[in-house]
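For the record, the sequence lines run as chains A and B.
When we follow the UniProt record's numbering, the leftmost residue of the first sequence carries the number 1, and every step to the right adds one.
When we follow the UniProt record's numbering, the leftmost residue of the second sequence carries the number 1, and every step to the right adds one.
No wet-lab data here; the hints were simulated from the structure.
For every residue, glycine included, the Cβ atom is placed at its ideal position computed from N, Cα and C.
One or more of the hints may lead you astray.
[Said to hold, decoys possible] Computed, partial: chain B to chain A, Cβ under 7 Å: (1) Thr240; (2) Glu243; (3) Met338; (4) Asp380; (5) Leu383; (6) Ile387.
[Said to hold, decoys possible] To spell it out: a stretch of chain B is covered by chain A in this simulated footprint if at least three of its residues, at any positions, have a beta carbon under 8 Å from a beta carbon of chain A; those stretches are: (7) 31-42; (8) 230-239; (9) 312-326; (10) 343-349.
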Amino acid sequence: MTVKAIRLDQQDNVATLLSDASKHQTVEVIDDQNQRVGSFQTLQAIPFGNKMALHAIAAEQPIRKAGYDIGRAIRAIPAGELVHVQNVRSSRVDIPDNIIEQIIQQMRIETE
Amino acid sequence: MKQHFQGYRRANGQAGIRNHILILAIDECAEGIAQAIRQKVSDCVIVTNHYTCMYGGNEELVNIMIGAGLNPNVAGALILNMGCGSIDPALIAAPLEQAGKPVRRLSIIKNNGTRQTIRQGIELAQELVAQAAEVPVEPVSISELLVGVKCGGSDTSSGIASNPAVGRAVDALVDAGASCVAGELIELIGCEDILRQRAVTPAVADKLERLILDEERRWHVPGTEVETMSIGNSVGGLTTLEEKALGALHKTGTRPIQDVLRITPQGIEQPQAPGMYLSETSHLCGASGMHFAALGAQVILWTTGGAGFSNPIVPVIRVSGNASLITEDIDVDVSGIMAATQSVDQAADQVLDCLDRVIDGEQTAIEEVGFAYCSLYQKDQRLETLIHSQPV
Chain A
1 MTVKAIRLDQ
11 QDNVATLLSD
21 ASKHQTVEVI
31 DDQNQRVGSF
41 QTLQAIPFGN
51 KMALHAIAAE
61 QPIRKAGYDI
71 GRAIRAIPAG
81 ELVHVQNVRS
91 SRVDIPDNII
101 EQIIQQMRIE
111 TE
Chain B
1 MKQHFQGYRR
11 ANGQAGIRNH
21 ILILAIDECA
31 EGIAQAIRQK
41 VSDCVIVTNH
51 YTCMYGGNEE
61 LVNIMIGAGL
71 NPNVAGALIL
81 NMGCGSIDPA
91 LIAAPLEQAG
101 KPVRRLSIIK
111 NNGTRQTIRQ
121 GIELAQELVA
131 QAAEVPVEPV
141 SISELLVGVK
151 CGGSDTSSGI
161 ASNPAVGRAV
171 DALVDAGASC
181 VAGELIELIG
191 CEDILRQRAV
201 TPAVADKLER
211 LILDEERRWH
221 VPGTEVETMS
231 IGNSVGGLTT
241 LEEKALGALH
251 KTGTRPIQDV
261 LRITPQGIEQ
271 PQAPGMYLSE
281 TSHLCGASGM
291 HFAALGAQVI
301 LWTTGGAGFS
311 NPIVPVIRVS
321 GNASLITEDI
331 DVDVSGIMAA
341 TQSVDQAADQ
351 VLDCLDRVID
361 GEQTAIEEVG
371 FAYCSLYQKD
381 QRLETLIHSQ
391 PV
């Protein structure tokens, strides 16, 4: 079955996975009108409900989801990478570092 | 979307989508008597003040009870009190009578106790039901509709499916001239900048930011951490607090915010013209239902993963995008967005279709069950004094 992800706004640089994707899997991205946006390769496993970078995002660039800034990249994020606590920080209230560690462990996020 | 709904026209000019008789037990000890009356008279809904029979900062609750009685879905009210408490039933009856609503009062001690009050209560409630049956139904402009918007029991599907779908529906409603009101300011921490841009005036923007800050203080007494994100939220895919907040914000659509309606001991602010509003309505589900009732909302759109919340005065339309939790309790299934078989606009149309049917009298998925809880909620007045003692 094809793995799909949804990009909620045209300006978004991430899409949300609608099912689990494994490493190097092709993901078909759709928009909110259910129109195909394109195919993208994952660089790592990305679980359902999580976000994938649709193109390269430079360090300090905003992450845009559903037309809004949801945080900032803390390092360069290549297209196809999981966009989450290991490479993004809040502009408002950060999650404490030890909790971020726990999230990375629980989700078995590849950080290299 | 329709431009009119079949409404029950009230004496004060407002129009409801339901024709309920409200039994208002303004003291908790009158609850059993209210239930006994309701068992014998259909079309009655009960609101009980479970807090206390004293004032002591309870004026906010009194105002919510008055607001609930004034809700256009209420055709008339029977007010019960024990007779030894401080809350004067005349104070609650007066604004309802002024609005031309039929009101009856029973004071239990004066009416020779429980059995006699139940007997009289049944007679009075039946009279009120008969009077309600005379209320004319007429086509009412959509501009007289106020829709409450709320999320709860949220999961990963909420931010992707149900909240965006309801947000689009809210925009369509506002564009058609209706009004929508959302609350839960605590869930909007991190959205202040976006919301400020949507506010119609700088004064509304400032009010909005101040009230979100108040709510943050209320739930974050100095010395404790405000609960923002759980590890479960993060594992589910939420990366930052603003992402979580934006998921909740989505359901409010994108249209300009006319005002933020305050709910205080002094009174409850009402929408003054059609449009999109925010309010101090609680993020607690049961409490939000009564807040929406007191604001005058005729119907609520509720986004959720699973099911849960309902209200006897204001029908709740449940919208879910989680295919594994869709049961007969859910009114609108937007799980097609999650399955990539449906667009957000198509899902929004589904929400509006359901709303069209409910405002024309069709019951929501669980409305016919006849049971729904109501929680009266008020801010702790001691805490209010404390948080406002600091400079804002």
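*Mind checking, does the region 343-349 of chain B have 3 or more residues with a CB under 8 Å from chain A?*
holds (count 4)
*Minimum Cβ distance from Glu243(B) to chain A below 7 Å?*
holds (4 Å)
*Using 7 Å as the Cβ threshold, decide whether Ile387(B) counts as touching chain A.*
Constraint on Ile387(B) not satisfied, violated at 19 Å.
_Closer than 8 Å Cβ to Cβ for three or more residues is the test here. Does the region 31-42 of chain B pass it with chain A?_
That given contact is violated, which follows from only 0 residues of the region 31-42 of chain B lying within Cβ reach (below 8 Å) of chain A.
*Coverage criterion applied to the region 230-239 of chain B (partner chain A; beta-carbon cut 8 Å; 3 residues)*: Held - the region 230-239 of chain B has 6 residues with a Cβ nearer than 8 Å to chain A, which meets the minimum of three.
_Hint check: 7 Å Cβ-Cβ cutoff, Leu383(B) to chain A_ = At about 22 Å, which exceeds the 7 Å cut-off, the nearest Cβ of chain A leaves the hint on Leu383(B) violated.
*Are there three or more residues in the region 312-326 of chain B whose C-beta lies closer than 8 Å to some C-beta of chain A?*
violated (count 0)
*Evaluation of the interface hint that places Met338(B) against chain A, nearest CB under 7 Å*: holds (6 Å)
_Interface hint check: Asp380(B), Cβ to nearest Cβ on chain A, cutoff 7 Å. Holds or violated?_
violated (24 Å)
_Minimum beta-carbon distance criterion (7 Å), Thr240(B) to chain A_ = holds (4 Å)
The structure does not agree with the numbered hints 4, 5, 6, 7 and 9 stated previously, though it agrees with the rest.
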